[in-house]
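Engineer: What follows is each chain in one-letter form.
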Amino acid sequence: MTDIASSGTLIDAKAPPRRDIGLKRRYAAERRFRIYGILAVSVGLVFLAVMLFSIISQGYTAFSQTAVTLPITFDPAVIDPKNERESDPTKLQTANYPALAQKALAEKLGFAANDRAATRQLRGFLSDTSRVQLRDIVMADPSVIGTTRDVEILTSANIDSAFKGQIDLDVPEANRKVSDQQVGWMRKLSEEGALATRFNTGLFTNGASSRPESAGMGVAIVGSFYMMLIVLLVALPVGVAASIYLEEFAPKTKFTDLIEVNINNLAAVPSIVFGLLGLAVFVNFFGLPRSASVVGGLVLTLMTLPTIIIATRAALVAVPPSIRSAALGLGASRMQMVFHHVLPLAMPGILTGTIIGLARALGETAPLLLIGMVAFVADIPSTPLDPATALPVQIYMWANEAERAFVERLSGAIIILLIFLMAMNLTAIILRRKFERRW
Amino acid sequence: MTAAVFGLIILIGAIGFVVGRSRAAGQSTAQGKLHSLPHYHGWWAFLLAVVPAILFLLVWDVGSSVYADRTMLAQVEAHSGEDQSASPTLAGSLTRSLATAFSRLDSATLDGLPATATELKPVLAQHGMNLADNVQDYMIPIAKEASARAKSLYLAGAVVALIASLGGVFIGLSQVSLRARARNRVERLLRYALLGASTIAIMTTVGIVLSMLFQTITFFSQVSPVGFFFGTVWDPRFAAAGSGGSTGQFGLIPLLAGTLYIALVALLVAVPIGLMAAVYMAEYAKPHVRSIVKPALELLAGIPTIVYGIFALITLGPWLRDLSAALTGGSPFIQAQSIFTAGLVMGIMLIPVVSSLSDDIITAVPKAMRDGSLGLGATRSETIKKVVLPAALPGIVGAVLLTASRAIGETMIVVLAAGVAANLTINPFEAMTTITVKIVNQLTGDLEFNSPQTLVAFALGMTLFVVTLVMNIAALYIVRKYREQYE
Chain A
1 MTDIASSGTL IDAKAPPRRD IGLKRRYAAE RRFRIYGILA VSVGLVFLAV MLFSIISQGY
61 TAFSQTAVTL PITFDPAVID PKNERESDPT KLQTANYPAL AQKALAEKLG FAANDRAATR
121 QLRGFLSDTS RVQLRDIVMA DPSVIGTTRD VEILTSANID SAFKGQIDLD VPEANRKVSD
181 QQVGWMRKLS EEGALATRFN TGLFTNGASS RPESAGMGVA IVGSFYMMLI VLLVALPVGV
241 AASIYLEEFA PKTKFTDLIE VNINNLAAVP SIVFGLLGLA VFVNFFGLPR SASVVGGLVL
301 TLMTLPTIII ATRAALVAVP PSIRSAALGL GASRMQMVFH HVLPLAMPGI LTGTIIGLAR
361 ALGETAPLLL IGMVAFVADI PSTPLDPATA LPVQIYMWAN EAERAFVERL SGAIIILLIF
421 LMAMNLTAII LRRKFERRW
Chain B
1 MTAAVFGLII LIGAIGFVVG RSRAAGQSTA QGKLHSLPHY HGWWAFLLAV VPAILFLLVW
61 DVGSSVYADR TMLAQVEAHS GEDQSASPTL AGSLTRSLAT AFSRLDSATL DGLPATATEL
121 KPVLAQHGMN LADNVQDYMI PIAKEASARA KSLYLAGAVV ALIASLGGVF IGLSQVSLRA
181 RARNRVERLL RYALLGASTI AIMTTVGIVL SMLFQTITFF SQVSPVGFFF GTVWDPRFAA
241 AGSGGSTGQF GLIPLLAGTL YIALVALLVA VPIGLMAAVY MAEYAKPHVR SIVKPALELL
301 AGIPTIVYGI FALITLGPWL RDLSAALTGG SPFIQAQSIF TAGLVMGIML IPVVSSLSDD
361 IITAVPKAMR DGSLGLGATR SETIKKVVLP AALPGIVGAV LLTASRAIGE TMIVVLAAGV
421 AANLTINPFE AMTTITVKIV NQLTGDLEFN SPQTLVAFAL GMTLFVVTLV MNIAALYIVR
481 KYREQYE
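These protein sequence lines map, in sequence, to chains A and B.
Be aware that the first sequence starts at 1, since it is given in the UniProt record's numbering, and climbs by one per residue.
Be aware that the second sequence starts at 1, since it is given in the UniProt record's numbering, and climbs by one per residue.
Hints in this document: simulated from the structure, not taken from any laboratory.
Yeah, the Cβ is synthetic: ideal placement off N, Cα and C, and Gly gets one too.
Take these hints with a grain of salt, some might be off.
Stated by the list, open to error - For lysine-lysine, the following BS3-like pairs were computed, each having C-alpha atoms within a straight-line distance of at most 25 angstroms: (1) 177/A <-> 188/A; (2) 434/A <-> 481/B; (3) 386/B <-> 24/A; (4) 367/B <-> 386/B; (5) 108/A <-> 188/A; (6) 254/A <-> 481/B; (7) 385/B <-> 24/A; (8) 188/A <-> 164/A; (9) 252/A <-> 481/B.
As the list claims (entries may be wrong) - Facing chain A, according to a computed beta carbon distance under 8 angstroms, are these residues of chain B, among others: (10) 191; (11) 273; (12) 284; (13) 411.
Claimed, not checked - Label-pair distances were calculated between CB atoms; the ranges are: (14) 127/B <-> 82/A: 29 to 37 angstroms; (15) 16/A <-> 289/B: 39 to 47 angstroms; (16) 368/B <-> 49/A: 37 to 45 angstroms.
Let the sequences and hints guide you as you build the complete structure.
Structural biologist: Written out as structure tokens, the structure reads:
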């Protein structure tokens, strides 16, 4: 109608002037509002991208490590100058092994070992881990003494950083941690093929160390694994049992109401409070060892329980009542109905909730700090009662280290942690997609 | 040892299960139909064998260790009059650890134990154990007696438990008959177990409250509550082992101010952005955009807070400092650790929390209300601003309260990004500290459970717990009320 009216030139004059209802302004407001929405979403996504980029760009180099292959001569004159190893085997433990590596490097670079200034530079070139490494070779097979063998020895953290290009070599020599002479050696060895980067297995197997090049998160990985195992073994059965009772058996009373309010509230209690609970109850009252993964596991269990209970109850509610009626109608008892029919059908939802709860527990740091998991643990724990750390706690501890090379390590550790979390969340999503049923 | 007893009990139960099942099955073929399936008879025998025995073992273990400890402490106290080197509690704990050390020795070494502490030291060292320096000679026979007593009590308990287990199996097996209602019995027990599991939530809450309450009361017996709640100076000094005398100042105000300030900055970032994101996702985004962006935002929520803290500490903080230095051309006005940095990062962390909570609430607003508004000629943004959001307001208030409680209880971001100095300042670019940071500070390192320096952490934790509890309950109440409105 309006089309015809406005197109006719005759009627045009008679048409009342269009009332200004501010359409233009309102449409502009509409567009602006929409843009605010897009901006809000993109702020979140951009921050996510920036954070991931910053961590990955700082951390991916942690997975490779610079090592130099040297022909080490296991010189009896250095290892055992007084020839006492037959009578006193402990001499082999305490021998000056780094000297062997320094000597081999000096020979490789072609200068005399008695050059004092150069020797000092050499000491800063190789990692002190050569002591343990060479000692283990000799202890395993004392017959190597007197022979020569190619051994791959780690360089110090500074040389490692320089070789990976993280140290700006244009800065005057006095202001950086590697000297020109060391850089020269590094280039020479690299051209000869003796110095190269290799995959950093130590990052996954070593324990705590004050030297960045030999610090690893083996203890943290094992500790986290124990804790996840405890959470899974305790929280899953208890959580499922609690949800079954509340959803299938509990009469509607004040008591069950209280339980429900409690569960919802516990899900929102700050995690650090659970740490205080663990310290006061498990460590102080029950006398469980501090820093042990069993205490950490129990604290995380209490923290994860509400998540699992809420997810399980949602999964149980989603099973249609017709299944229950059918089972009861065929003569099953209520327990049989729950355990034979309802629970199996709710299982995918329960597992998804459990995995998400586990992922949250894996990244949790604050309660673990309070129960003493901030510990310098060098040996891999063999039982959950031994002192251990956890992945996020290891990251926190490296963040407190002064040396710059630890930043690379901790970023690498974050990458590993995120990969674990991503894998868990992905499993949860796949489980949900694959087994989800709509009734 | 304990594991062996447990294993034996389980083994007895397993045998009971197998025997009971086959017994029931045999009866069923001979004389008609069983009331319960054979395996229920087996389970009944198993439960009778295992449950009473293990319950007894747990009770016995706790009871006997308390009894043994009391007896030992009484003996120590009788001697402590002549001993001036340590307080009765310290002497008690020294004797206790000595008794634990003795229980690890074999009986031959135990018989030939020397009577003085100086001679004892090398003996223990041989077995890889340390002797504390202030162990007195009189403690050695007491500890020896205590360890022997613990051992015999333990043995008695184990024997009784095994007998109970065998008796249980016997009763269970003797009850196997055609008419026996084994299934009902097993199911009743199972139901009690389910009920027990569901009370764990209550027990956790009670545990939290009790554990913190006791320590807080002890703390307030040493430091006045007025000084704690209204003090403006936080200076706890050091916790010297055993001294307990030098008390510092424990003023809550600077910590509380820092906590609230940082939470406020975080909410100022998170609420507008999170709310707008939720509105966009619920009202504007096309399904395929939503299916990609929503999981991506949830990813932001799944990243552990330590990662945000590290990012603030090593990337964002220094960057902001350098940026502010470049802006003024000289000294930076933003410190590397500041309220602003911590609040900003925490706010980003909370965006997905706000958006997912408000998303649920916005989509719960009935479609009829939207349609009515659109039908009257309002644009979509007008509908959202004038109809949807006002209708969702109570729910959104609840969501904001829940988010605020998260912000107040958040630890790792502030530990790494906010600083440790307890300042009172209004400049957001300076460092301030929070309650959670101080809890972590006071409880890492060596602990002395009766010094105010350690106990203050529990008083802080109690404050935190009460504040967040009130917020959570209010939020849950509002959200629940709101949901009912449209259901």
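Engineer: Which hint numbers does the structure go against, in order from smallest to largest?
Structural biologist: Of the numbered hints given earlier, the structure breaks just one, which is hint 2.
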